[in-house]
Structures are given as C-alpha cells and as structure tokens.
Amino acid sequence: MSAPSPSDRSLADLAAAAVARHLEGDSAAMPLLVERITPLLWHVARAQGADPALAEDVVQTTWLRLVEHVENLTDHQAVLKWLITTAKREAWAATHRQRQAHSVDADDFAHLRDGDAGPEEVAIEGAASQHLWRHFSQLSRQCQELLRLIAFAARPDYRSVSEALGMPVGSIGPTRGRCLAKLRLALLADPSWEGAR
Amino acid sequence: MSTPPNMDTFADGPLDDEDLMVLQLVRDMLDSVDPMPAELTERAKFAMSVALLHAEVASIVGPELTAGAVRSTDYERANSITFVSGGLTVMVTVEPTGTDTATVRGWLTTPGAEVELREPARTREVIADNEGRFLLDGVRRGLVHLVIRPDGGATPVITPTFEV
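Protein sequence lines correspond, in order, to chains A and B. The numbering of the first sequence is this note's numbering, which starts it at 1 and goes up by one. The numbering of the second sequence is this note's numbering, which starts it at 1 and goes up by one.
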C-alpha cells in the first residue's frame, strides 16, 4: 500500500514554528505557512456553506486576522486550531451576511448546503472519486465537515481539528471515529468499490 | 473481510493504513469536486505581506494590466514591467539565464532605496545605487514580488506579483 497521508508533518507544529520565526523577524516564515495551510482553510469555509467567491474572501480575511492577532497568540501550538476556528467563524458570519443581503427567507439551515454541489451537478474524474463521492455525500453534514478537514490535515493534527470543530476529542484520532468508520463500512458494503479504486 | 465489523467496535479501533488511504482518496476527490482556486494561495500571501508591511501597493502601468498575478505565456514572458506608487516608479526587466533562473534588472526613482525580492521560499535584499539601478541574479523562475523601502523611512511599497 502506498504512503497515503499527504504529510505526517504536523501542521500545528509547522504553524507554531512559523509564528515563532515570524516574531523573530523572518519574513519568509508566514508566506510558507500560508502555502501549507490555505487548502485546509478553503475547505473549512466551503464546509460551512460559503460559495467559492465567499470562501476566497474568508481565507484571505483569516490570514489578515492572524496578522492582527499574531502578537497576542501566546500558545503557538494552538495557532492551527485558532486559524480553523477563525475561518469557521468568518465563514459563518459571511454566509449569514450574504443571506441577509439577499433577504432569502429560507429554512435556517438551508444555506449550509448552498455551497455543496450535489453528485449530479459535479463532473468527477475517475471511478474511485465518483464512488467515494456518492458515499461521502450521504454522510451527515458534521461527518462530511470533519472528514473534509482531516483529509487536508496531517495525522498528528486530528485532535486540533476535532477540537476546533467542537467535536468530542475522542471522536477522531487516535481511534478511527464514527465518521470515518461509517464511510469505511459504506465502502466495504459496496461491491463495486474494490473494482473502482 | 467477510462479515461487516460492528459499528461501535470499528469506530473505536485504531487508525490503520486503509483509513489513511481512504482519507487520501477523500482528498483527491475533493480536489476534483471542489478545487481550491489556483491563485488563492498567492493572493492570500500577497494580502498578508501588504498588511504586515503596512505597505502601499504599486500599480502596474505596463506592459500589461492583469488582475491578480501578472502571468505571461512561455512564448511571451513579460520582459519589462513598470510599477508606480505615489512618487515612486520602478521598472524591472527580466532576462532568462537558464531554464530555472533569470536575472532581474531594475531601475527606480528613489536612489539608495532598499529593494527586497520575495521568491516563494526565500527573500533577499539589495540597495539601489546612486542612479536608482539594482540587479538581482540567479532568481528562480516563478512568481515573485518586490518590496521597496525608500531611503529615509517612507512607507514601503510592494509590487503586485509578477512572473520571472
């Protein structure tokens, strides 16, 4: 089996080191951090229901918030969690503002799905991705959000991610957790999955 | 696996290689279903640099006006770009010196200014001479920008990202 994880280098460690180097005057530290963590923040915003344009704003605002607050963040190990929490809050506020501006009188939770394209709306390349999308999109919204983020984090960060999402710490890492277990069982029960991947 | 495992037992089990592989497939799937805009990272880095420096952003006055990064094709890489901000004008010329590197020659209207080149993974500084000329060699091809600090502590000026 090939090495599956994109990186086992903890993003929380990376963020802690980058902030420390930045405060020592290293101007290359923050750009590198932005490069590594922006994909994760994009998915934080998208999972909150922000449309792509809004999600871009949310990501940029989150980084600007870090610039504003970096000197007050005393626990550098918690910077990753802070970034996820900030992006989530910004995304929630931005989608809320957008909804009010458009005065959409809809079900309070309907907007949370606005950013999610249904399986029939998206063109997915590759049989494995198509199968996976079908099972993934049947998970609860909370599970989708969790799996979305941990897929873009490193294994040591699962705890930071779950804490930032306000999920019980035991719900992921070091154990599999219910969300990943559900997806795995759905794939196991799908006879076409083995052939697709 | 012949019998499906019990949900609770399975959820409490340790992460295994198969889990990590499924997460990688989820990542690949999301890259396909919901790709992050390619320029987002560059834009975020740029916005952050501006905020960190309290800098003024120079505008591009030639040869091309593009929102976001100035990208050119391999056939017509921008050889020369001019930026202006307030009283400062900067002109840079890019000369490829190999497949991976180029020389950036510049001229600006505030002699003695400090010119910082920001490449993706490193930064370096030169001082413009008495006539406002500066030279940066061995620049790795890719997206870069310049931060100019005029002599005497005036507000720094940052150029939009351009391609070397």
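Among the clues, some could well be false.
Computed far set for chain A versus chain B, every beta-carbon distance over 10 Å [to be verified]:
{"id": "1", "residue": "A20"}
{"id": "2", "residue": "Q60"}
{"id": "3", "residue": "H96"}
{"id": "4", "residue": "R155"}
{"id": "5", "residue": "G177"}
In silico lysine to any residue, SDA-like type, Cα no more than 25 Å apart, as pairs [unchecked claim]:
{"id": "6", "chain 1": "A", "residue 1": "K182", "chain 2": "B", "residue 2": "L20"}
{"id": "7", "chain 1": "A", "residue 1": "K81", "chain 2": "B", "residue 2": "S80"}
{"id": "8", "chain 1": "A", "residue 1": "K81", "chain 2": "A", "residue 2": "A53"}
It should be emphasised that the hints constitute simulated quantities derived from the structure, not laboratory data. Note that the coordinates shown come from a computational prediction; the quantities given were computed from them, not determined experimentally. Ideal Cβ placement from N, Cα and C applies to all residues, glycine included.
Against the structure, the hints come out as follows:
1. A20: 16 Å, holds
2. Q60: 5 Å, violated
3. H96: Label holds. Min Cβ-Cβ 21 Å, cutoff 10 Å.
4. R155: Contrary to the label, R155/A does not stay out of reach of chain B, its closest Cβ about 7 Å off (not over 10 Å).
5. G177: 6 Å, violated
6. K182/A - L20/B: 14 Å, holds
7. K81/A - S80/B: 43 Å, violated
8. K81/A - A53/A: OK: K81/A and A53/A at ~24 Å, within 25 Å.
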